[in-house]
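This is what each chain is made of:
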Amino acid sequence: MTNETANGTDALVIAGEEIGSRLIMGTGGAPSMHVLREALTASGTALTTVAMRRVDPSARGSVLDVLTECGIRVLPNTAGCFTAGEAVLTAKMAREALGTNWVKLEVIADERTLLPDPIELVEAAEQLVDDGFVVLPYTSDDPVLAHRLERLGCAAVMPLGSPIGSGLGIRNPHNIELIVERAGVPVILDAGLGTASDAALAMELGCDAVLLATAVTRAQAPARMATAMRHAVEAGRLARLAGRIPKRRYAQASSPFEGLASS
Amino acid sequence: MRIVIIGAGVIGLATAWRAAQGGATVTLVDPAPASGASSVAAGMLTPVSELSYGEEPLLRLGLASRDRYGAFAAELAEATGLDTGYRDDGTLQVAFDADDLKLLDDLRAFQESLGIPVEALTGRECRKTEPMLAPGVRGGLLAPEDGSVDPRRLAPALLAAGERLGVRLVRRRAEGVLVERDAAAGVRLDDGTGIPADKVLLAAGPWSGDLGGLPPGTVPPVRPVKGQVIRLRTPVPFLRRTTRGLVKGSSVYLVPRADGEIVIGATQEELGFDTRVTAGGLWELLRDARELLPGITELEFAEVTAGLRPGSPDNAPLMGPTALPGLYLGTGHFRNGVLLAPVSADALAAMLLDGPVPAVAAPFSPARFAPEQQ
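If you read the sequences in order, they're chains A and B.
Take the first sequence: its position 44, counting from 1, is numbered 43 in numbering that gives the first Met the number 0, and each next residue is one higher.
Take the second sequence: its position 80, counting from 1, is numbered 79 in numbering that gives the first Met the number 0, and each next residue is one higher.
Since the hints were derived computationally from the structure, they do not count as laboratory data.
Hints may contain errors.
Coverage of chain A stretches by chain B, computed from C-beta distances (three or more under 8 Å per stretch; other residues unrestricted) [as the list claims (entries may be wrong)]:
1) 29 to 36
2) 58 to 70
3) 129 to 141
Which chain A residues stay away from chain B? Per the calculated CB distances, all over 12 Å, these [said to hold, decoys possible]:
4) E110
5) G168
6) Q219
7) L240
8) A250
We put the beta carbon where it would ideally sit given N, CA and C, even for glycine.
Produce the entire structure from the sequences given, and follow the hints as far as they go.
Here it is in structure tokens:
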């Protein structure tokens with residue numbers, strides 16, 4: 000979904016709200032609060048997701064404090080939930096604690112793969128949408144499931160590139176293209192990115208945004224990788240909007256041979 | 000020189016002892032000495048296997064402290080007749096699957112780039128070193144100079160050593176710092192009485208940020224980071240040395256003691272001042288420990304505890320003077336309080352007594368978090 004806003008700027012809009020960057024960050028895996036702060040700042044992100052089961056909103060010096068101090072909007076997520084029941088409960092606790100009805104919905108099938116459980120995911124998404132949440136579901140890269148989630152009323156769909164934390168990049172670019180083609184809500188590539196070219200590819204495929212954490216937080220120099228990701232997302236987005244050339248079998252000289260000056 | 004130290008964990012206790020050796024009159028204030036992280040910690044002395052990218056100064060501090068431990072433990076034993084359970088028989092770090100081995104290879108390359116000797120072992124060699132390891136273990140690293148100490152023996156020994164040199168222990172809560180003429184002049188206790196001092200050291204771990212009377216800019220940026228730890232008991236030799244494992248991307252360690260205790264740790268949770276033991280915390284520790292050493296399920300369960308590490312924004316301690324003259328910080332040691340006790344005590348005692356401070360402690364001044372630098 001390519002959405003140029005009314006005033007002509009190329010902004011990411013989710014549920015009617017403009018988000019200042021197409022790079023959405025996660026916080027998991029950061030070696031320290033200091034490194035996290037540097038990386039988030041370098042990424043230029045405007046929206047960052049936090050696992051509600053892993054923070055106490057009333058505690059001092061937490062990840063939430065870092066986000067507040069950096070002026071970054073918090074997107075609570077339901078990481079660690081295996082059932083729709085747990086995910087719905089966690090989302091409601093997040094709404095109460097943080098005063099936001101936005102939630103990144105994660106319902107995980109098993110710990111080894113951390114792949115989404117599609118049946119529980121749909122169940123939880125239904126309940127949360129009905130309850131007035133702005134639901135951003137983390138889904139597998141299945142175009143049918145992604146479309147189903149959109150029809151349920153989800154505000155975006157977040158297909159994975161590959162399993163969480165794997166750094167394997169986008170394993171099925173064709174599926175991502177199919178999801179993008181059909182989507183009427185923003186498509187946010189979530190999970191599996193390893194390096195900057197992966198993020199650029201996601202945007203070239205037409206995704207509206209990218210969400211990543213591990214690729215930055217576990218890099219040797221997280222702030223540097225965050226800068227790389229920021230540029231990659233911008234580059235990929237511009238390339239998508241610019242329209243790439245068709246691929247061809249044989250060369251085509253960039254300057255014409257005809258009309259060369261002859262001596 | 001009258002010094003009051005707030006907090007009798009391993010850092011406060013060790014500094015009190017060193018400062019008393021230096022001739023100071025030292026008072027320790029703590030309602031329950033050595034009852035925080037110092038009573039929960041496993042006592043690993045493993046700066047090499049703890050190494051993280053970007054934390055090289057902390058590695059140097061950890062190595063300096065580890066290298067002081069032998070003499071430190073011997074001196075304590077001589078002064079008090081108490082054993083600290085100190086061991087320097089190396090630490091084995093193993094990888095459970097191929098993904099874990101890649102992480103370990105990455106760590107080894109980083110360790111070697113810093114000139115730290117580690118020995119790479121195959122899975123077979125790991126199991127020869129520790130026969131109880133699971134057959135699937137893919138490989139490991141042996142850090143031959145890392146070791147462990149028993150914090151539950153260390154803390155009483157430090158207190159006894161201090162008391163022999165006249166360190167006074169006041170079992171009350173410190174409510175605030177007394178300030179006179181824009182300088183720290185002592186500590187106010189929860190019964191309203193005050194203890195005058197020339198210098199005050201705030202070493203109250205995760206509670207260091209809660210002390211009253213601190214002027215703006217001197218409140219240390221520390222937060223509690225919860226850790227759950229299990230203690231098992233074995234009547235037969237089960238594990239020879241401290242063994243850390245990467246198990247399907249998750250970390251676990253087991254620290255054996257001479258008396259048959261095996262400490263399994265530790266979760267790392269950002270939940271404020273919460274010390275509840277949870278089903279999930281226990282399950283994760285036992286799950287990973289059992290993957291690594293299937294035989295642990297046969298051992299006797301002894302204890303489970305949850306403690307609070309004093310986390311700082313960059314995981315490194317805050318040691319040195321503050322914007323309030325006379326007030327010093329010795330906190331924020333996070334996962335490394337026991338390891339860093341000897342070098343921290345030397346550095347903090349030197350600062351309090353205006354002696355030469357070890358150069359390795361210089362990067363850890365609280366000034367690095369001063370508001371104007373942010």
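Here is what the structure says about each hint:
no., hint, in the structure
1, 29 to 36, "holds (count 6)"
2, 58 to 70, "holds (count 5)"
3, 129 to 141, "violated (count 0)"
4, E110, "violated, 8 Å"
5, G168, "holds, 16 Å"
6, Q219, "violated, 5 Å"
7, L240, "holds, 36 Å"
8, A250, "holds, 40 Å"
Comparing the model with each numbered hint stated earlier shows that hints 3, 4 and 6 do not hold.
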